[in-house]
Amino acid sequence: MSPTLEQLAEQYTQLAAARVAPAPAPAGAPVAGLAEAGGPVAGRAEAGRPGSPTPAAPATAAAPAAPKPPVQIVDPALKGYHLDVTVGPEQVVAAAEIADRAGFGLDTITGVDWIAQNEMEVVYDYFHPTGPVRLVVRARVPRATPELPTILQVFPGANWHERETHDFFGIKFTGHPNLKPFLLPEDADFHPLRKDYKP
Amino acid sequence: MIASKDNFSAAPASQGPQETFTLNLGPQHPAAHGVLRVLMTMDGEWIQRAEPVIGYIHRMHEKMGENRTLAKFLPNTSRIDYLSAMHYTHAVVGAVERAAKIEVPLRAEYIRVITSELNRISSHMVWWGALLLDLGGFTPILYAFDDREKILDLLEGLCGARLTYCYYRFGGLYNDADDAFLKGTRDFVQHMKPRLQMYRDLVTDNIILRKRLTDIGPIPAEMCRRYGATGPVIRGAGVAYDVRRAEPYSVYPKLDFKIPTYPEADSMARYLVRMDEMEQSLYIIEQALDQIPAGPFIGKVPRVLKLPPGDTCYAVEAARGRFLVRLVSDGKDTAYRVKLRTPSFSNLSLYEEASKGMILPDALAMMGSLDLVIPDIDR
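Chains as they are written, first to last, in the numbering used here: chain L, 1 to 199; chain G, 1001 to 1379.
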């Protein structure tokens, strides 16, 4: 009933392919160009590090760098998950719908502040209640305007996780009905897990 | 009462034939298990909407994980879910061992399983006593805490702490289990088996308890999946999801145990799952005691522990469900990001949907059957 790992990878590859096509079009705009260049150069999370030389010149490095495959089957004994998917921020809802149809449950949503690359990563973890498959979906948003759509309509459990991520990182989930401070004090206007946060 | 500038506004109370009123439960309330506040819009005795308000004891463990070395962060893990300290430490040391490829000696893994299962039993005993207190039965918690005391004494003799153990270390354990602990654990298993039967006779088969919990607070499997509810909540909905089997870790693959499930999805099903789990934990401990090999209790670990860049996840089955640690490293000895996915947070997030239309005492019985630990929600 639930798809195999390969079938799932295939579905996400198609989703990711749908993104690659429109990507070059807005590359002329400076902000979009920076964000797009940061993606392939940085590759997966471990490739681009704060202090590593590649992200220093994102505009020039965009073309020659070999982009990391957006869908990877990884060894769970080394990573703790089976499938690693990178999508565009506008695609997280579609990615969640694929997970929903495949019978996944929402594990958690969180952020990572990649300040050296001027980006924020939003990570969606999924677990499968009946099959031993773990899925990770990532999307990167520019640090200045961290916005992406909510997946609340697909997984209602995302409500709290997105509120928490907004608390800690200031990432806006458009369409979320209630992004008021959740774990932080009710008048909090700071985002403590941003790397440039000073208490 | 509720100040007008309150961030967490309940649906406005209305007057007239359909009159509603706002009921503020907590943050200090005997039935709320700590500083949990639930803002309820009531239609008489019936709940129209119940919104949990959390964060009163938020301590930002995730930030603490970013500003101290991994070894210094380790004691924090016992303080997130203080009733499930062994499991939480297990997840963090497991994530570090997975990322740094540290080998753990077999003896250490067996002792981890024994102490984890002891911890699961002691955690379920607190839940059992507290749930029955909520329901108005005072006696059971005295029995539960009497038996739990034996576990705490065993673990105190082993590692010096009664609650916040921090007993596991990267690559192994803080110290070896001595014969007194192993024999004491064996005696405890023998002691506990008839006690569980007594629990059943005294409480589980009691008609008042059955009437308070049966068909109360249904949480079907589909709701668990969409909200990410795990542990006894999803098993009480008939889904045999257990991290010990779904994402095998430690020496659990070598051990035989059943995953108790009940398809009824009501509060009684969640109750019975936990009662059966205590039995299964005793069974696991017995097997582990029989199989435990001699050998070192800690492996070779570099003095300065630096993780390779990248992210690593490690999940364990804690007493309340799936606990996941996501470690992101940038190659330094301090984690770049530590995400702690706690089961109580996800299990409570479905409360608003699940409690709709219930009467207040039933909603509190359902809350008790979720087995909430507030520091686990707030972190």
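Misleading hints may appear alongside valid ones.
Unchecked claim - Quick look at which bits of chain G chain L covers, simulated, 3 or more residues with Cβ under 8 Å:
| id | region |
| --- | --- |
| 1 | 1057-1066 |
| 2 | 1102-1110 |
| 3 | 1338-1351 |
Unchecked claim - Here are the simulated DSS-like pairs of lysine-lysine, each with C-alpha atoms no more than 30 Å apart in a straight line:
| id | chain 1 | residue 1 | chain 2 | residue 2 |
| --- | --- | --- | --- | --- |
| 4 | G | LYS1101 | L | LYS180 |
| 5 | L | LYS198 | G | LYS1356 |
| 6 | L | LYS195 | G | LYS1356 |
| 7 | L | LYS180 | L | LYS198 |
| 8 | L | LYS79 | G | LYS1356 |
| 9 | L | LYS180 | G | LYS1356 |
| 10 | L | LYS172 | G | LYS1101 |
| 11 | L | LYS198 | G | LYS1306 |
| 12 | G | LYS1306 | L | LYS79 |
| 13 | G | LYS1063 | L | LYS195 |
These aren't lab readings, by the way, just hints derived from the structure by calculation.
Cβ coordinates follow ideal geometry from the N, Cα and C atoms, glycine included.
Here is how each hint holds up against the structure:
For the region 1057-1066 of chain G, the stated coverage by chain L holds: 5 residues have a C-beta nearer than 8 Å to a C-beta of that chain, and at least 3 were required. Coverage of the region 1102-1110 of chain G by chain L is violated in this model, with 0 residues showing a Cβ closer than 8 Å to a Cβ of that chain against a need of three. Given as covered by chain L, the region 1338-1351 of chain G passes the check, having 6 residues with a CB less than 8 Å from a CB of that chain where 3 are the minimum. Of the supplied pair hints, the one linking LYS1101 of chain G and LYS180 of chain L is violated, its CA atoms being roughly 41 Å apart against a limit of 30 Å.
For the hint pairing LYS198 of chain L with LYS1356 of chain G, the CA-to-CA distance comes to about 41 Å; that exceeds 30 Å, so the pair is violated. Proposed proximity of LYS195 of chain L and LYS1356 of chain G is contradicted: the alpha carbons are some 40 Å apart, above 30 Å. Among the hinted pairs, LYS180 of chain L with LYS198 of chain L is consistent with the structure: their alpha-carbon atoms are about 21 Å apart, no more than 30 Å. Annotation: proposed proximity of LYS79 of chain L to LYS1356 of chain G is violated, straight-line Cα distance about 39 Å (limit 30 Å).
As the CA atoms of LYS180 of chain L and LYS1356 of chain G are separated by approximately 23 Å, the hinted pair is consistent with the 30 Å bound. Distance restraint check for LYS172 of chain L and LYS1101 of chain G: the Cα-Cα separation of roughly 36 Å exceeds the 30 Å cut-off, and the hinted pair is therefore not satisfied. Pair hint LYS198 of chain L plus LYS1306 of chain G holds up; C-alpha atoms about 25 Å apart against a cutoff of 30 Å. The straight-line distance between the Cα atoms of LYS1306 of chain G and LYS79 of chain L is roughly 16 Å, inside the 30 Å bound, and the hint therefore holds.
Taken as a hint, the LYS1063 of chain G and LYS195 of chain L pair is honoured in the structure, with Cα atoms around 10 Å apart against an allowance of 30 Å.
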